[in-house]
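There are 2 protein chains.
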Amino acid sequence: METFRSLAQMKEWSRAQITRGETIGFVPTMGYLHEGHLGLMRRARSENSRVIASIFVNPTQFGRNEDFGSYPRDPESDSLKCRQAEVDVLFMPETQDVYNHEFQTYVDVERVSKPLCGKSRPGHFRGVATVVLKLFNMVYPSSAYFGAKDYQQLQVIRSMVKDLNLDVRIVSCPTLREDDGLAMSSRNSYLAPAERAQAVCLFQALQISGELFRNGEKEPMKYIEAMSGRIIREPDADPDYISLVHPETLEDLNVVDESCLAVLAVRIGKTRLIDNMLFEGRA
Amino acid sequence: METFRSLAQMKEWSRAQITRGETIGFVPTMGYLHEGHLGLMRRARSENSRVIASIFVNPTQFGRNEDFGSYPRDPESDSLKCRQAEVDVLFMPETQDVYNHEFQTYVDVERVSKPLCGKSRPGHFRGVATVVLKLFNMVYPSSAYFGAKDYQQLQVIRSMVKDLNLDVRIVSCPTLREDDGLAMSSRNSYLAPAERAQAVCLFQALQISGELFRNGEKEPMKYIEAMSGRIIREPDADPDYISLVHPETLEDLNVVDESCLAVLAVRIGKTRLIDNMLFEGRA
Numbered sequence: 020m021e022t023f024r025s026l027a028q029m030k031e032w033s034r035a036q037i038t039r040g041e042t043i044g045f046v047p048t049m050g051y052l053h054e055g056h057l058g059l060m061r062r063a064r065s066e067n068s069r070v071i072a073s074i075f076v077n078p079t080q081f082g083r084n085e086d087f088g089s090y091p092r093d094p095e096s097d098s099l100k101c102r103q104a105e106v107d108v109l110f111m112p113e114t115q116d117v118y119n120h121e122f123q124t125y126v127d128v129e130r131v132s133k134p135l136c137g138k139s140r141p142g143h144f145r146g147v148a149t150v151v152l153k154l155f156n157m158v159y160p161s162s163a164y165f166g167a168k169d170y171q172q173l174q175v176i177r178s179m180v181k182d183l184n185l186d187v188r189i190v191s192c193p194t195l196r197e198d199d200g201l202a203m204s205s206r207n208s209y210l211a212p213a214e215r216a217q218a219v220c221l222f223q224a225l226q227i228s229g230e231l232f233r234n235g236e237k238e239p240m241k242y243i244e245a246m247s248g249r250i251i252r253e254p255d256a257d258p259d260y261i262s263l264v265h266p267e268t269l270e271d272l273n274v275v276d277e278s279c280l281a282v283l284a285v286r287i288g289k290t291r292l293i294d295n296m297l298f299e300g301r302a
Numbered sequence: 020m021e022t023f024r025s026l027a028q029m030k031e032w033s034r035a036q037i038t039r040g041e042t043i044g045f046v047p048t049m050g051y052l053h054e055g056h057l058g059l060m061r062r063a064r065s066e067n068s069r070v071i072a073s074i075f076v077n078p079t080q081f082g083r084n085e086d087f088g089s090y091p092r093d094p095e096s097d098s099l100k101c102r103q104a105e106v107d108v109l110f111m112p113e114t115q116d117v118y119n120h121e122f123q124t125y126v127d128v129e130r131v132s133k134p135l136c137g138k139s140r141p142g143h144f145r146g147v148a149t150v151v152l153k154l155f156n157m158v159y160p161s162s163a164y165f166g167a168k169d170y171q172q173l174q175v176i177r178s179m180v181k182d183l184n185l186d187v188r189i190v191s192c193p194t195l196r197e198d199d200g201l202a203m204s205s206r207n208s209y210l211a212p213a214e215r216a217q218a219v220c221l222f223q224a225l226q227i228s229g230e231l232f233r234n235g236e237k238e239p240m241k242y243i244e245a246m247s248g249r250i251i252r253e254p255d256a257d258p259d260y261i262s263l264v265h266p267e268t269l270e271d272l273n274v275v276d277e278s279c280l281a282v283l284a285v286r287i288g289k290t291r292l293i294d295n296m297l298f299e300g301r302a
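Protein chains in written order, with the working numbering: chain U, 20 to 302; chain S, 20 to 302.
No lab work stands behind these hints, which were simulated from the structure alone.
Please read all numbers here as calculations on a predicted model, not as lab measurements.
Some clues are possibly wrong.
Which copy? The list can't say, so a pair holds if one copy fits it or any two copies do.
[What the hints assert, rightly or not] Here are the simulated SDA-like pairs of lysine to any residue, each with C-alpha atoms no more than 25 Å apart in a straight line:
id	residue 1	residue 2
1	LYS138	PHE23
2	LYS138	ASP198
3	LYS181	GLU121
4	LYS181	SER161
5	LYS241	MET20
6	LYS181	TYR125
7	LYS241	SER205
8	LYS30	ALA216
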């Protein structure tokens, strides 16, 4: 495995691969890798002749009072994991190279960035879209791999790719979960043991929604009330949003027909966790 | 010369050229071509093995009360001119293919879009940056050619290319002028004969600034007053802005040192004209 920090070196390597007819699978991450990330790498490995993973904690997607400074980092362990996942290149650019001091260009995916996390994290998806486009322009991926846990992020990137006529296939991979159902996330490392035990409430709330869906429930408020009921049973859980939305537009549903996305963000103590489940295939 | 309307066809052609090692020079236009455009095409022809010109009147760069609907169009004459300029491909995409009904992604180049035309045309440069990025992603240019008459547009595009890590060389070509000095522009066709005679005031105001610069004048207000004096002599001239700015940041200058950009927008009757001159090389 090669490790590049230089943008020019990354571009040169990728260009050479493409000229030779190789396909590039790309897994952009913020590091502190867990099984979810490694699943993306393995999927990329199985579908491409070359695999690039990037680790870049992107400052423009963090709000002023968010955890950019304290976001967990462990480059040595990450590097080992990438090597084990048979990544060809680990790209770890420096912040000042990605954003020079005159930087002023942002990508806005307007509608799909607004609800859900977009409400409580203004500017977050602008930062995500911008850095993903920049990374695409350094790595030249044929396909890029994202986890379904960050469902809204996935929809933002899909819209961007379509709207800006990019030639990247966006691949969504299922959320990986701990044994009790908690969605894997680098931020789970923030949880104290008592918080960790309560954090399962997100998954369990989503499961309750799944049951309602399979029972034919059409009234969104029924789902939301049931999920809220499960969340507020935990003493340290403070819901940011609990919603039932259209899987493509992310707009609130008035009635639950053939498909829906149950999606929620909950603070457990100081740690903000998100999760979602897609329900479909009902007549 | 080939003419493509299909985005897929355009992409396929360009990709094939690049695979063969050709270089692509790209001249994006809104049509109603004049000598200024043809100069860009000739420059592209001299520097590249393949030349693509596009004609697309881009709705997202026009404000609600602007002239999108009435913008002059003459595709047959344009096509002939492109052929004569030895363009290889004329790309004329359809509006609904460039912007499908779910379109929602925009590129914002923040600081450099704000002053000058950005003030009187909010959203204009957002539309310009967005469509230029989209066209780049359809055409894969090695180099793209823009006229210096639209100086702020050029700076917006240069910043975007740098900030989004694009691999396109941006080439600025000098403003072409009519015999009396009026900068060539498709919008000149709006001018009634009496307005056409008055329109020379933009060029003459800039020339007055040039004289001040060569005489060592350091006080920006002196330039602005002199230019305003020349403009308001014309009965149908109504200045939108008259400014002296830094050639890169486009910020107002406090003092004129080694270089400056004199830049102005003036309505002649209902027609809004812009022009600029760069002065440099003073000790």
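*Non-conforming hints, listed in increasing numerical order*: The structure conflicts with hints 1, 2, 5, 7, 8, although it agrees with all the remaining ones.
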